[in-house]
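Engineer: Below, each chain spelled out in residue letters.
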Amino acid sequence: NAGVTQTPKFQVLKTGQSMTLQCAQDMNHEYMSWYRQDPGMGLRLIHYSVGAGITDQGEVPNGYNVSRSTTEDFPLRLLSAAPSQTSVYFCASSYSNVFAGATDTQYFGPGTRLTVL
Amino acid sequence: KNQVEQSPQSLIILEGKNCTLQCNYTVSPFSNLRWYKQDTGRGPVSLTIMTFSENTKSNGRYTATLDADTKQSSLHITASQLSDSASYICVVSARWTTDSWGKFQFGAGTQVVVTP
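Sequences listed follow chains E and R, in order. Residue 1 is where the first sequence starts when you use the working numbering, and the numbers rise one by one after that. Residue 1001 is where the second sequence starts when you use the working numbering, and the numbers rise one by one after that.
Each hint should be verified, as a subset may be incorrect.
[What the hints assert, rightly or not] Short, incomplete list of chain R residues facing chain E, as computed with Cβ under 10 angstroms:
| hint | residue |
| --- | --- |
| 1 | S1028 |
| 2 | N1032 |
| 3 | Y1036 |
| 4 | G1041 |
| 5 | R1042 |
| 6 | S1046 |
| 7 | Y1062 |
| 8 | R1095 |
[Said to hold, decoys possible] DSBU-like, lysine-lysine: derived pairs with alpha carbons at most 35 angstroms apart:
| hint | chain 1 | residue 1 | chain 2 | residue 2 |
| --- | --- | --- | --- | --- |
| 9 | E | K14 | R | K1071 |
| 10 | E | K14 | R | K1103 |
| 11 | E | K9 | R | K1103 |
| 12 | R | K1071 | R | K1057 |
| 13 | R | K1017 | R | K1057 |
| 14 | R | K1071 | R | K1017 |
| 15 | R | K1071 | R | K1103 |
| 16 | R | K1057 | R | K1103 |
Keep in mind the hints are simulated off the structure, nothing from the lab. Remember, predicted model here, so these are calculated numbers, not experimental data. Virtual Cβ for every residue (Gly too), placed ideally from N, Cα, C.
Bound-form chain E, shown alone:
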């Protein structure tokens, strides 16, 4: 049981390049989400999904796309990277909808550190 896995661990991009951050979980969780963590700030929600085929925007969705074709995978796409997207990105999953007040544990991946030059 690997939990939540993310790849790559580190990535450097040039402005304008595109890439996909991978996230997978093996706990059969319906609810998955992407966050970014910047120095001095709390984690901020980018996008989330309540099941395969269903996604929605979070607090800071601009510049990012997501899709959810399977329960296990929830990739995050940067269409045209900008220096403002330099951050650490975390993927998380839970059995129930923590965004609606459920008290289930939310499991986080190890993170991807992205630098955009």
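Assemble the complex: chain E is given as a structure, and chain R must be docked to it using the hints.
Structural biologist: Then chain R, alone, in the frame of chain E:
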């Protein structure tokens, strides 16, 4: 304005000593409050989850308290160990109502350094 404020921003304590971290929030209507531990270079790991009706919850040497009336929570670390060096994050969730969807607000965290 962040609806979850944590203090202090950082603290240094000697191994074996106790410390208390604070979390004040304005998130409403309140559903639950979580404390996470985040080691450097790792993802957050859940320590405790408390609902409105719970005012204390323990996880080993970690004890969280909640005062929903004053909208304050604290995390107490007893007999600190070097492995307690980490960032501790408070997260407050709002109940879904007809006026808003549930919100999940993160504090900026308190960086704890335990020295020998």
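Engineer: State for each hint whether it applies.
Structural biologist: Hint by hint, here is what the structure shows:
Nearest Cβ of chain E to the Cβ of S1028(R): about 12 angstroms, over the 10 angstroms cut. The hint is violated. Given the 10 angstroms rule on beta carbons, the hint for N1032(R) holds: about 5 angstroms separates it from the nearest Cβ of chain E. Against a cut-off of 10 angstroms between C-beta atoms, the interface hint on Y1036(R) holds, since the closest Cβ of chain E lies about 8 angstroms away. For G1041(R), the interface hint holds, the least distance from its beta-carbon to any beta-carbon of chain E being 7 angstroms, beneath 10 angstroms.
Annotation: R1042(R) was flagged as interfacial toward chain E, and the flag holds, the nearest CB pair being 6 angstroms apart, inside 10 angstroms. Because the closest C-beta pair between S1046(R) and chain E is about 5 angstroms apart, less than 10 angstroms, the hint holds. With its C-beta approaching chain E no nearer than about 15 angstroms, Y1062(R) sits outside the 10 angstroms limit, and its interface hint is violated. Look at R1095(R): its Cβ gets to within about 5 angstroms of chain E, closer than 10 angstroms, so that hint holds up.
The suggested pairing of K14(E) with K1071(R) is violated, with an alpha-carbon distance near 44 angstroms, which exceeds 35 angstroms. Our distance criterion of 35 angstroms between C-alpha atoms is met by K14(E) and K1103(R), whose separation comes to about 34 angstroms. Proposed proximity of K9(E) and K1103(R) is supported: the alpha carbons are some 28 angstroms apart, at most 35 angstroms. Proposed proximity of K1071(R) and K1057(R) is supported: the alpha carbons are some 16 angstroms apart, at most 35 angstroms.
With a C-alpha separation of about 20 angstroms, the suggested pair K1017(R) and K1057(R) falls inside the 35 angstroms cut-off, and the hint holds. In summary, the hint linking K1071(R) to K1017(R) is supported, as the alpha carbons are separated by about 27 angstroms, within the 35 angstroms threshold. Among the hinted pairs, K1071(R) with K1103(R) is consistent with the structure: their alpha-carbon atoms are about 16 angstroms apart, no more than 35 angstroms. Proposed proximity of K1057(R) and K1103(R) is supported: the alpha carbons are some 22 angstroms apart, at most 35 angstroms.
Comparing the model with each numbered hint stated earlier shows that hints 1, 7, 9 do not hold.
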